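As given, the protein sequences belong to chains A and B, one line each in that order. This note's numbering puts the first sequence at residues 1 to 325. This note's numbering puts the second sequence at residues 1 to 229.
Hints listed in this document are in silico derivations from the structure and should not be mistaken for laboratory results. Take these hints with a grain of salt, some might be off.
[Claimed, not checked] Over the 12 Å line for every Cβ pair with chain A, so calculated as not near, a few chain B residues:
no.	residue
1	Pro15
2	Pro16
3	Thr18
4	Ile20
5	Gly25
6	Leu26
7	Pro186
8	Ile188
9	Val191
10	Ala194
[Unchecked claim] Derived pair list, reagent style DSS-like, types lysine-lysine, alpha-carbon separation capped at 25 Å:
no.	chain 1	residue 1	chain 2	residue 2
11	A	Lys60	A	Lys169
12	B	Lys30	A	Lys25
13	B	Lys121	B	Lys35
14	B	Lys30	B	Lys121
15	A	Lys25	B	Lys35
16	B	Lys213	A	Lys314
Note that the coordinates shown come from a computational prediction; the quantities given were computed from them, not determined experimentally. In this text, a Cβ means the ideal position worked out from N, Cα and C, and glycines have one as well.
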Amino acid sequence: MSATTQETLEREPWTGPTRHYDIVKEGVIATFVVLVLTVVLAAIFSSPDDPALTFQGWAKSAPDNLYATTVAELAGTSDSATYGPPYNTNGDGQAMGPIAPQKWAGVHQPVDPPNDFVINPLSSQQQPADVADALVTWTSASADVQTGWATGYDTALNDPQGANGDATKVPAGVGGPVPTLATGLVAMATSGALDSVLPAPGQFFTTDNTKQILFLGDGSYLDDAGTANHLQGNEWGMMNETGNFPGQQWLAPFSFWYQLPIFNSDATTGVAATMTANADLYILAIIAVMMLLVIFLPYIPGLRSIPRWIPLHKLVWRDYYRSRK
Amino acid sequence: MSTTTARHESAPAAPPTTWIGHLRGLLERKLPYEKLLPETQPSYVASWIYVFGVATLGALGVIVASGAVLAFEGPAWYHISHTGLFFNSLHFWSVQLFFFFMVIHLFGKFWMAAWRGNRAKTWITGTLAFVVSVGAALTGYVVQTNFDSQWIAFEAKDGLNATGVGSWFNVANLGQNLLIHVFLLPAIIAVLVAIHVLLVRVHGVVPPIDAAKVEAPPVPTVPEREGVR
Numbered sequence: 001m002s003a004t005t006q007e008t009l010e011r012e013p014w015t016g017p018t019r020h021y022d023i024v025k026e027g028v029i030a031t032f033v034v035l036v037l038t039v040v041l042a043a044i045f046s047s048p049d050d051p052a053l054t055f056q057g058w059a060k061s062a063p064d065n066l067y068a069t070t071v072a073e074l075a076g077t078s079d080s081a082t083y084g085p086p087y088n089t090n091g092d093g094q095a096m097g098p099i100a101p102q103k104w105a106g107v108h109q110p111v112d113p114p115n116d117f118v119i120n121p122l123s124s125q126q127q128p129a130d131v132a133d134a135l136v137t138w139t140s141a142s143a144d145v146q147t148g149w150a151t152g153y154d155t156a157l158n159d160p161q162g163a164n165g166d167a168t169k170v171p172a173g174v175g176g177p178v179p180t181l182a183t184g185l186v187a188m189a190t191s192g193a194l195d196s197v198l199p200a201p202g203q204f205f206t207t208d209n210t211k212q213i214l215f216l217g218d219g220s221y222l223d224d225a226g227t228a229n230h231l232q233g234n235e236w237g238m239m240n241e242t243g244n245f246p247g248q249q250w251l252a253p254f255s256f257w258y259q260l261p262i263f264n265s266d267a268t269t270g271v272a273a274t275m276t277a278n279a280d281l282y283i284l285a286i287i288a289v290m291m292l293l294v295i296f297l298p299y300i301p302g303l304r305s306i307p308r309w310i311p312l313h314k315l316v317w318r319d320y321y322r323s324r325k
Numbered sequence: 001m002s003t004t005t006a007r008h009e010s011a012p013a014a015p016p017t018t019w020i021g022h023l024r025g026l027l028e029r030k031l032p033y034e035k036l037l038p039e040t041q042p043s044y045v046a047s048w049i050y051v052f053g054v055a056t057l058g059a060l061g062v063i064v065a066s067g068a069v070l071a072f073e074g075p076a077w078y079h080i081s082h083t084g085l086f087f088n089s090l091h092f093w094s095v096q097l098f099f100f101f102m103v104i105h106l107f108g109k110f111w112m113a114a115w116r117g118n119r120a121k122t123w124i125t126g127t128l129a130f131v132v133s134v135g136a137a138l139t140g141y142v143v144q145t146n147f148d149s150q151w152i153a154f155e156a157k158d159g160l161n162a163t164g165v166g167s168w169f170n171v172a173n174l175g176q177n178l179l180i181h182v183f184l185l186p187a188i189i190a191v192l193v194a195i196h197v198l199l200v201r202v203h204g205v206v207p208p209i210d211a212a213k214v215e216a217p218p219v220p221t222v223p224e225r226e227g228v229r
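Generate the whole structure from the sequences, applying the supplied hints.
Set out below in C-alpha cells:
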C-alpha cells in the first residue's frame with residue numbers, strides 16, 4: 001500500500017489485506033444461536049405475569065381506603081382531580097421556570113373525577129334505594145352545594161383530631177349524600193361491577209384505561225403493591241420488574257437521576273422542593289440533551305476523540321495490529 | 001405511450017433520463033452487488049465485537065416472530081394459555097437479549113470511533129434505532145395487561161405529560177399503545193435498521209484508528225488533526 005493518510009484510508013475502499021468472511025452464514029448462525037438461547041431462557045425462567053389489580057380487589061382488601069379515595073374524588077382533592085393537563089384544568093402540571101409544556105399542550109384526555117369515577121358508574125347501574133336517592137340529591141344540587149358537601153365530609157373524615165379516616169366517627173348529617181354515594185361505590189366495586197363499568201359506562205367497546213389507571217393510582221392500593229415489588233422510582237423501580245425478572249435495564253441512565261437527593265427530596269420549600277416537584281420535566285430535559293449528544297457525537301469535538309485518548313480499540317483490533325507488525 | 005430505441009451491444013449505455021434510471025445508476029455506483037454481498041472483508045474485521053451487531057439483528061428477528069404469534073392471539077392470551085405464556089416468554093427474553101447485544105454493539109462502535117470516514121450517518125441511524133427501540137419496549141410493557149402494565153402506565157404518564165407529549169401519547173390507553181407497539185414503532189425500527197445495514201455495506205467496515213501507521217509505517221504521516229472523524 002502506498003503512503004496514505006488515515007483519513008484517506010477511512011474514506012476510500014479498503015485496498016489492504018482481506019480475509020474470507022461469509023456475512024450470510026454468520027447471520028444465519030447468529031440468529032440460530034440467539035433463537036436457541038431465547039428458547040432455553042424462556043423454558044427455564046418463563047416470564048413475569050402478576051395479575052392486574054382490580055377495583056374488586058381494592059374494595060375487599062382496603063375498603064376504607066377506597067371509601068376515602070371516593071370521597072376525595074367527589075371533593076376534588078385527589079391527585080387526579082388536581083392534576084391539570086392533559087386531564088383537566090385544575091392544575092398547571094410541571095414546569096421549568098417559564099417553560100411549561102404540560103400546560104401549553106392543554107387538555108386532550110378530559111377526565112372529570114367526580115362524574116367519571118363516581119357519579120356516572122353509579123348512575124349506570126341499578127342501585128339500592130338509599131344510593132338512588134343520594135344520586136338524585138347530588139345531581140339536583142348546584143355545583144357549589146356539591147362542593148360544600150364533599151369538601152366538608154372530606155375534611156371531617158380526614159381530621160386527625162376527629163374521625164381520622166374512620167367513617168363511623170364522622171358526625172351524622174355531615175356531607176349530605178356523599179357518604180351514601182361513597183358506600184354505594186364501594187359496594188359496587190366489591191361486587192366486581194365497577195371494573196367493567198368504569199372505563200366507558202354504557203359503551204360496548206373499551207380500549208382506553210386512562211380513567212381506571214388514574215382512579216387506581218389515587219388511593220394507596222396501587223402504590224402499596226408497587227412498594228411491595230420494589231418498583232418505586234427512588235429505588236431504581238423504573239428498571240425493576242415484578243419477581244426476580246430483569247426489567248428495562250436500558251433505562252438505567254434515566255433511572256439514575258431519580259436517585260439523586262435533589263430530585264428525590266422531602267423538602268417543602270427551596271430549590272430541592274421545586275426540583276423534586278418538577279423532577280420528571282428536569283430529568284427528561286437532561287435525558288434529551290444526553291440523547292442528542294450521543295446521536296450527534298460524530299460532530300462533537302472532544303467527545304468524538306475519547307476513543308483515541310483511551311485506546312480500547314487496540315484491544316478490539318489487537319490481532320490486526322499484531323499481525324501487521 | 002412508449003418508445004423503443006435500438007441499442008448496439010457494444011455502444012456505451014446512454015445516461016439515464018428518467019427518475020428510475022437515475023436511481024438505478026445511483027445504486028449501481030454506490031452499492032454494486034460485490035459491495036452489497038461481499039465474500040471477503042478487510043483483514044482487521046476479526047474480533048468478537050463484530051458478532052454483536054449481527055446478534056442484535058438475530059434477536060430482532062426472534063422478537064418479530066414471537067410478537068407475530070402473540071399478535072394473532074391477542075394481548076390477553078398468555079394469561080390463560082401455557083403455549084401463550086411460552087411465546088410471551090420468548091418475546092420477553094428476546095427483547096432482553098436484543099438490548100444486551102445492542103448496547104454491547106453500541107459501546108463497541110463507540111470505542112472503535114466507527115463514525116470515521118464519512119460514516120456518521122451509520123452511527124446516527126444506529127443510535128436512533130436504539131432510541132426508538134426503547135419506546136417500543138415501553139409500549140410493550142404497557143400492553144402486557146397485567147399489574148406491571150398498570151404500574152408502568154401510572155408511573156410513565158407523569159414524565160410524558162410533563163413534556164406535553166402525554167397529550168397525544170397516552171400510556172394508559174391500551175388500544176393506542178397496542179397499535180403503536182405492533183405496527184408503528186416496529187416499522188420505524190425496520191426502516192432504520194435497513195438503512196443502517198445498507199450504510200455499513202456502502203461505506204464498508206471502518207478501518208482501525210491506527211491503520212495508516214500500520215499499513216505504511218516508514219512514511220511520515222500528515223500531522224493528526226484534532227478529533228476523530
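Now for the hints, and whether the structure bears them out:
The beta carbon of Pro15 of chain B is kept farther than 12 Å from every beta carbon of chain A, the shortest such distance being approximately 24 Å. Residue-level check passed: Pro16 of chain B sits 24 Å from the nearest beta carbon of chain A, beyond 12 Å. Against the 12 Å criterion, Thr18 of chain B stays outside the reach of chain A, whose nearest CB is about 29 Å from its own CB. Interface exclusion of Ile20 of chain B from chain A stands, the closest Cβ pair being 27 Å apart, more than 12 Å.
Gly25 of chain B, annotated as away from the interface, keeps every beta carbon of chain A farther than 12 Å; the closest lies near 19 Å. No Cβ of chain A approaches the Cβ of Leu26 of chain B within 12 Å, the least distance being about 17 Å, so the stated non-interface status holds. The beta carbon of Pro186 of chain B sits about 17 Å from the closest Cβ of chain A, which is more than 12 Å, so the claim that it is off the interface holds. No Cβ of chain A comes within 12 Å of the Cβ of Ile188 of chain B; the nearest lies about 15 Å off, and the non-interface call holds.
At roughly 16 Å, the least C-beta separation between Val191 of chain B and chain A is larger than 12 Å, which holds for a residue marked as non-interface. Separation of Ala194 of chain B from chain A is adequate, the least Cβ-Cβ distance of about 14 Å exceeding the 12 Å criterion. A hinted pair counts as satisfied when its Cα atoms are at most 25 Å apart, and Lys60 of chain A with Lys169 of chain A qualifies at roughly 21 Å. Only pairs whose Cα atoms come within 25 Å are accepted, and Lys30 of chain B paired with Lys25 of chain A is accepted, the gap being roughly 24 Å.
Of the pairs offered as hints, the one joining Lys121 of chain B and Lys35 of chain B holds, with about 18 Å between alpha carbons and a cut-off of 25 Å not exceeded. Taking the CA atoms of Lys30 of chain B and Lys121 of chain B, the gap is near 15 Å; set against the 25 Å cutoff, the hint holds. A hinted pair counts as satisfied when its Cα atoms are at most 25 Å apart, and Lys25 of chain A with Lys35 of chain B qualifies at roughly 16 Å. Restraint check for Lys213 of chain B and Lys314 of chain A: the C-alpha separation of about 13 Å stays at or below 25 Å, so the hint holds.
In this structure, none of the earlier numbered hints is contradicted; all agree with it.
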